[in-house]
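For reference, the chains in residue letters:
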Amino acid sequence: MTPVLAVENLVVHFPARHGPPVRAVDEVSFAIAAHETLGLVGESGCGKSTVSNAVVGLVVPTGGSVRVAGVEIAGADGRTLREMRAKAQMVFQDPATSLNPRMTVGAAIGEPLLVRGIARGAALRERVASLLTEVGLRPEHATRYPHQFSGGQRQRIVIARALALRPALLVCDEPVSALDVSVRAQILNLLVELQASHAMACLFVSHDLAVVRHVCDRVAVMYLGHLAELAPRDALYTTPRHPYTRALLAAVPEPDPALQRAKLRVPLQGEIPSPAAPPPGCVFHTRCPIAVERCRREVPEWRCLGETMVACHRAGET
Amino acid sequence: MTSVPMSGSAITPALAVDDLTLAIGGVSVVDAVGFSIAPGEVMALVGESGCGKSLTAQAMLRLLPRQVKQAAGRVLLGGEDITALPERRMRRLRGRRISMIFQEPQAALDPLSPVGAQVREASGLARAASRDAVRRMLAEVGIADPERRIDQYPFELSGGMCQRVMIASALIGGPAVLVADEPTTALDVTIQAQILDLLRRLAAERGTAILLITHDMGVVADIAERVAVMYAGRIAEIGTTEAVFAAPRHPYTSLLLAAIPRLSDAPKSRLAVIEGSVPTPPEYGVGCRFAGRCPLADARCVAEQPPLRAMEGGHLSACWHAERVA
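Just so you know, the sequences run in chain order A and B. So the first sequence is numbered by this note's numbering: it starts at 1 and just counts up by one. So the second sequence is numbered by this note's numbering: it starts at 1001 and just counts up by one.
Note that these hints are calculated values from the structure, not bench results. Please read all numbers here as calculations on a predicted model, not as lab measurements. Cβ atoms here follow ideal geometry from the backbone N, Cα and C, with glycine treated the same way. One or more of the hints may lead you astray.
To give an idea of the chain A side of the interface with chain B (calculated C-beta under 7 Å), a few residues [as the list claims (entries may be wrong)]:
1. S44
2. E111
3. S177
4. V181
5. Q186
Start from the sequences and build out the full structure, keeping to the hints where you can.
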């Protein structure tokens, strides 16, 4: 079966005014099947948002391939991209800036249907009403403007708009990061339900490892433009193979004082290097607690270790 | 000072707040908040946006926005009431007896001034704090190569490093109290772990009392010895972190804890949800402000404001049904 999304050797470099290009994404490969949610985690600047933007055609890849439902979109013409966008929709972090303040909620949700000539008039109003209900709002909300809603409600509106065309792939870039804890739970519950009921493939980008574990089936960890590890959820969280994954997991403060204080603390030292001048060899070696001479020279190959894919020379020995 | 929940020790608290009430145009946005912090102790003030935690923090240094007035209450710094001090004297206390750090370190630093100069300026003793003292302070907050960093500008430093600079300028005057308003919210998780370690060490080694404002229960669990949970301008519950997390005695705390995805829960399970949204100040009724969203609420909750009362395990809860909270 063709995966809904197949990314192969994706490379995205951004030219810099001075000096070498910023290597935002380097040789990233993964695939997502229908019904499946893949989490993409990493710290700021690791390239996770660039990957999600490249997947929906908002960023032009420097190299590699991105196929949505079998159709190549890297280097595709406008018409192909337009068709692709009906299949791949996106939800961004900040719902306040994702909605046009001068457009009613109904107009925003209905626009994709109208533009593509799928529905109009009474049929359109009916579709919008059912989408609003589906995301936990009421049909009469259609006539209101975004500023009349809370942050959580606005994110529901954004989700309704993304679902309007019944996409095969939903890309969520930090969809709950701007929300308060109690509202975040509502939106996560909604996303889990919708993904299952719509049988969508979902790419879920987040810096929050607990949130990703909650909603995803498989998880990919990125560091400085490279994939460090990709594994089924339970494997990644119980037997992380890459030292960076381990460090990330150790750094998440668990909301449980007993657990948290019993943790062995080995905070990662140092800062993330600049993606314009990534270190040679393994990009993580400058902060890696188990790096050896080989890691400074040789780029680790992306290899299989049980059900895990990992890029580390020392994975498997520790 | 009968209503101030004490930290349990007999020594004078580094910071004590009694019946603090802050109002915007006659509407109280922070209502009768009280707590105290012992030297070397880390206390967290936790809550969602709009609960009044940041205004409470700003009131500690009398740095409230102009439209917010302190309507009642006292703030005691090492036993001394600073509420009525003239601004001229207050200015002398800031940085020396109480300091503050903020969420966005890059925004809080002056982009046009080298970081070393900013740390020196914060010492309040323009020249007395020599380059040497500044360098030592930068080293103490974990800045590698302070001799080079001291002359650099904020844009040349990462977010985590800027937060260290801000902590250095907050501490160089040797304050007894540090107010930290979401100090790690803008930072990545591995950098957050470094900064929390630093704060923990400073409290232990320098005996600095830290009031930590946060929305992150994970950060509370990591670093705070005690925690006050705020909701709609009031303290819902206050106690040791262990007690509050193990056996919350306010339905809001209990639901909030259940709403957080954890590394230990069942994936894709339904998270607990608090129905509705936080009331705005004009919507505050006479009773419990959580009543409209509370599964345990009854007629009394709507009609009568529950006082903070002592529970088993030594913590205080402002809930008529505290004994029934699961």
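Evaluation of the provided hints:
no.: 1; hint: S44; verdict: holds (6 Å)
no.: 2; hint: E111; verdict: violated (27 Å)
no.: 3; hint: S177; verdict: violated (11 Å)
no.: 4; hint: V181; verdict: holds (5 Å)
no.: 5; hint: Q186; verdict: holds (5 Å)
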